[in-house]
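*Asks:* On the provided structure of chain A, position chain B as indicated by the hints.
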Amino acid sequence: MSPTEVTDRLAALRDDFDRSFAEPARQHDAEHAELLAIRAGGRPYALRLAQARGVHSDRPVTPLPGPQPALLGVAGFTGAIVPVYDLAALLGHPLPERPRWLVLALGVPPLALAFHELDGHVRVAASLIVEEAGARAGRDVLRGMVALPGGTRPIVDLPSARAAVHQLTGHTTYNTEER
Amino acid sequence: MGRDPLRYFRIEARELVDQISAGVLDLDQQPGPDLVARLLRFAHTLKGAARVVRQQEIADRAHAFEEVLVPHRQGTSVLPADEMRELLRLNDEIEAHVAALEPSSPGPADPRGTEPGPVDPAPPADDGADPARAAEPVMSEAAAKSPAHPEAGPAARGATADVDELLDAVGEAHTRFAPLRTGGHALDRLTRSAEALADQLRVGRAAAHTDAARAAAARLAADLAALGRRITDTVEQVERELDEVRGRAERLRLVSAASIFTALHRAVRDAADAQDKRVRFESRGGDLRLDPQVLNLAGNALLHVVRNAVVHGIETGEDRLAAGKPAEGSVLVEVERRGRSVAFRCADDGRGFDLAAVRRTAEARGLLTPGGTPPDEQTLLRLLLRGGISTSPTVTDVAGRGIGLDVARDVADQLGGEVSVRTDAGLGATVELVLPLTLMSLHGLIVEAAGAVATVPLDAVRTCVRLLPEQAATAAVTGKLAHDGQAVPFLPLARALYAGTTVPDGAGPAVAVIVAADGAAVAVGVDRLAGTSTLVVRPLPELAPAAAVVGGVSIDLDGNPRLVLDAQGLIAETARLGGGAEPAAPARALPILVVDDSLTTRMLERSILESAGYEVDLAASGEEGLELARSRRYGLYLTDIDMPGIDGFTFVAETRADPELAVVPAILVSSRASAEDRQRGAAVGASAYVVKGEFNQEELLAHIRKLAPA
Chain A
1 MSPTEVTDRL
11 AALRDDFDRS
21 FAEPARQHDA
31 EHAELLAIRA
41 GGRPYALRLA
51 QARGVHSDRP
61 VTPLPGPQPA
71 LLGVAGFTGA
81 IVPVYDLAAL
91 LGHPLPERPR
101 WLVLALGVPP
111 LALAFHELDG
121 HVRVAASLIV
131 EEAGARAGRD
141 VLRGMVALPG
151 GTRPIVDLPS
161 ARAAVHQLTG
171 HTTYNTEER
Chain B
1 MGRDPLRYFR
11 IEARELVDQI
21 SAGVLDLDQQ
31 PGPDLVARLL
41 RFAHTLKGAA
51 RVVRQQEIAD
61 RAHAFEEVLV
71 PHRQGTSVLP
81 ADEMRELLRL
91 NDEIEAHVAA
101 LEPSSPGPAD
111 PRGTEPGPVD
121 PAPPADDGAD
131 PARAAEPVMS
141 EAAAKSPAHP
151 EAGPAARGAT
161 ADVDELLDAV
171 GEAHTRFAPL
181 RTGGHALDRL
191 TRSAEALADQ
201 LRVGRAAAHT
211 DAARAAAARL
221 AADLAALGRR
231 ITDTVEQVER
241 ELDEVRGRAE
251 RLRLVSAASI
261 FTALHRAVRD
271 AADAQDKRVR
281 FESRGGDLRL
291 DPQVLNLAGN
301 ALLHVVRNAV
311 VHGIETGEDR
321 LAAGKPAEGS
331 VLVEVERRGR
341 SVAFRCADDG
351 RGFDLAAVRR
361 TAEARGLLTP
371 GGTPPDEQTL
381 LRLLLRGGIS
391 TSPTVTDVAG
401 RGIGLDVARD
411 VADQLGGEVS
421 VRTDAGLGAT
431 VELVLPLTLM
441 SLHGLIVEAA
451 GAVATVPLDA
461 VRTCVRLLPE
471 QAATAAVTGK
481 LAHDGQAVPF
491 LPLARALYAG
501 TTVPDGAGPA
511 VAVIVAADGA
521 AVAVGVDRLA
531 GTSTLVVRPL
541 PELAPAAAVV
551 GGVSIDLDGN
561 PRLVLDAQGL
571 IAETARLGGG
581 AEPAAPARAL
591 PILVVDDSLT
601 TRMLERSILE
611 SAGYEVDLAA
621 SGEEGLELAR
631 SRRYGLYLTD
641 IDMPGIDGFT
651 FVAETRADPE
661 LAVVPAILVS
671 SRASAEDRQR
681 GAAVGASAYV
691 VKGEFNQEEL
701 LAHIRKLAPA
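Protein chains in written order, with the UniProt record's numbering: chain A, 1 to 179; chain B, 1 to 710.
Wrong hints could be hidden among the right ones.
[Claimed, not checked] Chain B is faced by these chain A residues, among others (derived, beta-carbon under 8 Å):
no., residue
1, 66
2, 76
3, 83
4, 106
5, 107
6, 109
7, 171
[Stated by the list, open to error] Some residues of chain B that are not near chain A, with every Cβ distance over 12 Å (derived):
no., residue
8, 51
9, 167
10, 216
11, 293
12, 341
13, 425
14, 443
15, 466
16, 487
17, 559
18, 561
19, 610
20, 624
21, 682
Note that these hints are calculated values from the structure, not bench results. We put the CB at the ideal spot given by N, CA and C, even for glycine.
Bound-form chain A, shown alone (with noise of 0.2 Å):
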């Protein structure tokens, strides 16, 4: 490579560096979905991304006692105190470790997810995913699911839990517009 080669090369992969930041993460065109493969409660799943706020690791989170075993206690974000809530046990299936990894649902009042294990962070193209109409009744916080290597994963829907949440500690302000 000549220097003015290189030169052009270095310029170029510092416009894509750049522009990777100037660009907002959670855009994505119609055609893809950015996804999270997780792991909790020891079994696979994956997330939208676009139903976040953001993503947090090992980050302390007081054990509160009361009547809610999904709740593992409250974090704390810039100030802001957050209830933290168990996904595996949210889903049905808990584990006695800690969860390490927090996922701050979009909407109010504020919320966190908590599962064991992030896997990656995945682009897939909508046509992987097998979405499912409407909502199922009850407290089911799952919404379709996404082929993905290693297998199929079902899709935790975050205002899906949200909407768990709000039911089993009797929040009533909860609005479906949300979704």
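*Replies:* Same frame as chain A, now just chain B:
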């Protein structure tokens, strides 16, 4: 500074006006030469300062104020009513002029900013003559010009003291860093020693050299350990100090409840004067620090409540004497924290609510059926609180009272609180406004229990008692602690904090914190006290229902939530748990000691045992196992056979040889499956033998449950 010559005068004048306002009201109640002298001093200072900055209007009024007071220098009697009125009038005028000096900052919310001259500091009289008029504008005006202007006046003064305290705390934290600074030098020295040691090791092969090097290495290790301890201590202290700094800084956002008292006192005084009654005002709980918004709204509602207490509750002097009461009426305002709420209570000793009139009005307005079953007191009070009565133009006396309640109810609705009324015919009435707290500052005692850190509000802590291990054990078993000649219910904090889950390892309670509230007391067992701290308590977030022992959350230095316990909740929880014997929960059974050199096996066994509800201690070798076995009482030993050093057979044999440990059953868990090994296990005294290859969770648990019932 040159551009604004009034800058400092404003601050000083505001402070003097606050002191004069409070002093004049005290003079009305407790006259005395000291108070007169103090008021004269304030007025004189204000006059001098006003002259310097050419505020003649203020100086003249301060002078007039002095003139009224001078003849009473020696006196202990109450000032004549007209002189009191004159003092109050001058006070108001001075206040108005001082307020008018404020730059436009107070904005439209403060009419005094744009309109100099005397203003009525109390809300328009809702004396019942025209309730319809009073109802509407009263609230907005009162809200706009609460005479106490809690944000500008007393709060500002309070804030000065707080800033001083904050600065002290910052200074303290700063000095705590000193050991870290000197630690740097110590570290340099140790680095040099280490280099010297390395040199020695490079050159020397002889025995003498090796000995010298070994001695140097030992010294180095000791020095390093000492330095490490010092750094750890220092860091802990610095953290505590910074915690204090943060708490005090947060406290600056809050205002003391006392800041609304002057306005209430004045409202009582003015109403009494207008009605020709004598009323004494008392206040309690002024130290409580509250969110200024809550305080402001509550203060405005209370203005109406206290006025109504005077106008409609307190009888005239003759009536009171005839009823066998002192001629002087009394209005008491109390502010009190109640767990996650604050209660503002206004109690008077007047005639109480006229419930018969309420009933007549309700019937006239079709709210009650005339001639029906007589409604009980609560029904009538509910009607009164619901409004509707107050708008009646006919029963003015009742109507007037209703308006005050309406304002209180509005505030309660706005903040999600409650209003309640208690009335005793002929004896008085109490109106209580209970509001949920959003932010509140308190001093807390930091306690640790089984690895969890929590804060107990210091105002609920009566004392702390050190517990000997036997005392702690007895207290845990009986659920009672002998304290001060009484059996106080005992609650191990770990049990409340880890309700329903396994309590992690811990030394167990070593201190009992005696917590009292509402006349009841409990002894809360904690592992250790970790100092006191000023903290701001927030409510628990939505979607986080918690046991009653948790009163709120504060945020620690790292931004993580820390639980703040609730005294009433602790008492209720102790009562719920029966205060009796240790519960049968497996978490409270004796712990199990797992001895195994394989990390995987240790973790696996721990997970099985913990999910079965046992508490588990781990040892990675036979030696460590023996050490632990001797340091704590266990319900069972679970040990591997093949380990470097002391093996499982030896571990079992040694524990069987110790009369204290021999009572603890031991299970051998091994990959060895031969009959010989099983026999040897039985020979040394193992109670069971489980083969790892056939490792079966249920089989293991069955053995364990048999030997150490949960």
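*Asks:* Work down the list of hints and note, for each, if the structure agrees.
*Replies:* Taking the hints in turn, this is what the structure says about them:
For residue 66 of chain A, the interface hint holds, since its Cβ comes within 8 Å of a Cβ in chain B; the closest pair sits about 4 Å apart. At about 4 Å, the closest approach between the beta carbon of residue 76 of chain A and any beta carbon in chain B falls short of 8 Å, and the interface hint on this residue holds. With a least beta-carbon distance of about 4 Å to chain B, the hint placing residue 83 of chain A at the interface is held under the 8 Å criterion. With a cut of 8 Å, the hint placing residue 106 of chain A at the interface with chain B is violated, because the nearest CB-to-CB distance is about 14 Å.
Violation of the interface hint for residue 107 of chain A is found here, the shortest Cβ-Cβ separation to chain B being roughly 11 Å, above the 8 Å cut-off. Hint status for residue 109 of chain A: holds, given a least beta-carbon distance of 4 Å to chain B, under 8 Å. Below 8 Å, beta-carbon pairs count as interface contacts, and residue 171 of chain A has one with chain B at about 6 Å; its hint therefore holds. Non-interface call for residue 51 of chain B relative to chain A: holds, since the shortest CB-CB distance, roughly 48 Å, exceeds 12 Å.
Consistency note on residue 167 of chain B: stated as away from chain A, and its beta-carbon is indeed over 12 Å from all of that chain's, at 23 Å minimum. For residue 216 of chain B, the non-interface assignment is confirmed: its Cβ lies about 40 Å from the closest Cβ of chain A, beyond the 12 Å cut-off. For residue 293 of chain B, the requirement that its beta carbon stay farther than 12 Å from each beta carbon of chain A is met, with the minimum near 18 Å. Listed as outside the interface, residue 341 of chain B is consistent with that label: its C-beta sits roughly 19 Å from the nearest C-beta of chain A, beyond the 12 Å cut-off.
For residue 425 of chain B, the requirement that its beta carbon stay farther than 12 Å from each beta carbon of chain A is met, with the minimum near 41 Å. Here residue 443 of chain B stays apart from chain A, with its beta-carbon at least about 21 Å from theirs, past the 12 Å limit. Residue placement check: residue 466 of chain B keeps its beta carbon more than 12 Å from all beta carbons of chain A (closest about 26 Å). Here residue 487 of chain B stays apart from chain A, with its beta-carbon at least about 26 Å from theirs, past the 12 Å limit.
Non-interface status of residue 559 of chain B relative to chain A is broken: a Cβ of that chain comes within 12 Å, the nearest being about 4 Å off. For residue 561 of chain B, the shortest C-beta to C-beta distance to chain A comes to about 5 Å, within the 12 Å cut-off, and the non-interface label is violated. Not every Cβ of chain A is farther than 12 Å from the Cβ of residue 610 of chain B; the closest lies at roughly 6 Å, contradicting the non-interface assignment. Interface exclusion of residue 624 of chain B from chain A stands, the closest Cβ pair being 24 Å apart, more than 12 Å.
Distance to chain A confirms residue 682 of chain B as a non-interface residue, since its nearest Cβ pair spans about 33 Å, more than 12 Å.
Checked against the numbered hints given earlier, the structure breaks hints 4, 5, 17, 18, 19 and satisfies all the rest.
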